[in-house]
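Trainee: Hey, can you work out the whole structure from these sequences and the hints?
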Amino acid sequence: MKKEKYLAEIIDPNGFQRTLRRLASEILEQCGGAGNLVFIGLHTRGFPLAKRIIECVKTEENVDVPIGSLDVTLYRDDINHRAESLQMQVTDVPMDIAGKTVILVDDVLYTGRTIRAAMDALIDLGRPAKIRLVVMIDRGHRDLPIKADFIGKYLPTSLGEEVSVKLKNIDGEDGVYLVSTEREET
Amino acid sequence: MNRHLLGLEYCSREEIESIIQTGFSFKEVLSRPIPKVPTLRGKTIVNLFFENSTRTRISFELAQKRLSADTVNFSVAGSSVAKGESLRDTIRNIEAMKIDMVVVRHKSPGVPCFLTECTDAVIINAGDGLHEHPTQGLLDIMTLQEKLGSVEGLKVVIVGDILHSRVARSNIYGLQKLGAKVALCGPPTLIPVKAEQWGVEIFYDIGDAIRWGDVLNILRIQLERQSAGLFPSRREYTQRFGVTLEKLRRVDKEITIMHPGPINRGLELEHDLADSEFSVILDQVTNGVALRMAVLYLKSGVPAQE
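Order-wise, the sequence lines are chains A and B.
One point on numbering: in the numbering used here, the residue at position 77 of the first sequence is 77, and numbering is uninterrupted.
For the numbering used here, count along the second sequence from 1 and bump the result up by 186.
Rather than coming from a laboratory, the hints here were simulated on the basis of the structure.
Wrong hints could be hidden among the right ones.
Once the Cα atoms are required to be at most 30 Å apart in a straight line, the calculated DSS-like pairs of lysine-lysine come out as [to be verified]:
(1) A:K51 x B:K213
(2) A:K58 x A:K130
(3) A:K100 x B:K213
(4) B:K229 x B:K293
(5) B:K485 x B:K229
(6) A:K51 x B:K433
(7) A:K100 x A:K51
(8) A:K130 x A:K166
(9) A:K130 x B:K213
(10) B:K433 x B:K222
(11) A:K5 x A:K130
(12) B:K341 x B:K213
(13) B:K341 x B:K433
(14) B:K222 x A:K100
(15) A:K147 x B:K341
(16) A:K100 x A:K130
(17) A:K153 x A:K58
(18) A:K100 x A:K5
(19) B:K222 x A:K130
(20) B:K333 x B:K229
(21) A:K58 x A:K5
Mentor: Structural data, given as structure tokens:
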């Protein structure tokens, strides 16, 4: 069992909402509006986060942007062979992504391996015109040459720490916390 | 989670549920524009078929290709087995070529279990004699879950040649572990002695079985065994135990018809019934690929115990 110990609050609920609004504005500015956009959220926190950004896009431009969810388990290069890590979640991309600008959404950018897997998975689903990456937190420690286009907050961390992104729509409250994880003795 | 898949008798309920749930995820993969994922890249799987098979072999092979594994097919005709090589030597030699997984079908029960002692590779049973055919049992349960929701409390009748059926055994173990009620129906000569020890109902009248059940899983009458005189004639079998639309219409409820294939149309199942709205037979085949992908994927991840 993993036990989370909170070290610090990085973003509070109000700041979280402001960050979401800023991310939405930046995406709209750089992509020239919402016309050709498709949001794809990665499991588990990326998908609900994508929904929240889409809400902000809707308040700003009053358009409904299509959204899909992607599970990248089958594309990973680091499946560690334990039964629980083999469990998959739903991949549901109901729209054609060919020719679209795909906004890939994840909560925390870390080694970059998830994003590498996600890009492979996306390209098997169609040929997007562009892929852009949005993350709430970039915590550094990249293994691969990958960088995010839109970042909620850049947060240098040590390897022993973890970043926990909480969302109103699944955890009850918004926020970002720095936590340390230690394996509980059994 | 067991390392090998030898039979559903040895699987826990959790393992069965986990495989089937993963099977549904792979069904979604199969509906994608590119129905292929790189997950088992670099893994080598041997399909060791000592006995004829169309559906199961193709289904396993497709599952392996969809997962990007490398596959080697082995069939007895044209192999050294025809020259008298022992099973142990065959598998030791194949293993020396660096194999990760072996899918085996053999006419003798217990062969997959024996192979686990000869090699470090993961062994998947694709049917061993009269013992078990676990992936068929799993895909049957998956199809029932897909069509009818849960199998908990569901009444499933297995009809026909239970005695010679590994499909029946895997279905009985799997369904019972998931809380379904199972009955067997067939001529007394084709029901194993002491079958009631499985905790199943036994019917000798197809009408009674249809009235009792929600699902009929109709087994193939193995005509190659008919010379043993286990039932008088095909015609008599069809009259007494053949499933027909007319027999189904006598009860006022929805019945689901399953068949593991290959069908003897007009013998155990009326000609058109296999294509009727009662039938989920082709769903079984479709789900077979997804389910076998789930088995290969999950078993590839279970490390050997030290």
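Trainee: Could you run down the list of hints and mark each one as holding or not?
Mentor: A quick look at each hint next to the structure:
{"no.": "1", "hint": "A:K51 x B:K213", "verdict": "26 Å, holds"}
{"no.": "2", "hint": "A:K58 x A:K130", "verdict": "21 Å, holds"}
{"no.": "3", "hint": "A:K100 x B:K213", "verdict": "26 Å, holds"}
{"no.": "4", "hint": "B:K229 x B:K293", "verdict": "27 Å, holds"}
{"no.": "5", "hint": "B:K485 x B:K229", "verdict": "12 Å, holds"}
{"no.": "6", "hint": "A:K51 x B:K433", "verdict": "53 Å, violated"}
{"no.": "7", "hint": "A:K100 x A:K51", "verdict": "18 Å, holds"}
{"no.": "8", "hint": "A:K130 x A:K166", "verdict": "28 Å, holds"}
{"no.": "9", "hint": "A:K130 x B:K213", "verdict": "28 Å, holds"}
{"no.": "10", "hint": "B:K433 x B:K222", "verdict": "43 Å, violated"}
{"no.": "11", "hint": "A:K5 x A:K130", "verdict": "39 Å, violated"}
{"no.": "12", "hint": "B:K341 x B:K213", "verdict": "26 Å, holds"}
{"no.": "13", "hint": "B:K341 x B:K433", "verdict": "18 Å, holds"}
{"no.": "14", "hint": "B:K222 x A:K100", "verdict": "22 Å, holds"}
{"no.": "15", "hint": "A:K147 x B:K341", "verdict": "55 Å, violated"}
{"no.": "16", "hint": "A:K100 x A:K130", "verdict": "7 Å, holds"}
{"no.": "17", "hint": "A:K153 x A:K58", "verdict": "22 Å, holds"}
{"no.": "18", "hint": "A:K100 x A:K5", "verdict": "41 Å, violated"}
{"no.": "19", "hint": "B:K222 x A:K130", "verdict": "23 Å, holds"}
{"no.": "20", "hint": "B:K333 x B:K229", "verdict": "33 Å, violated"}
{"no.": "21", "hint": "A:K58 x A:K5", "verdict": "36 Å, violated"}
Hints 6, 10, 11, 15, 18, 20, 21, counting from the list given before, are not met by this structure.
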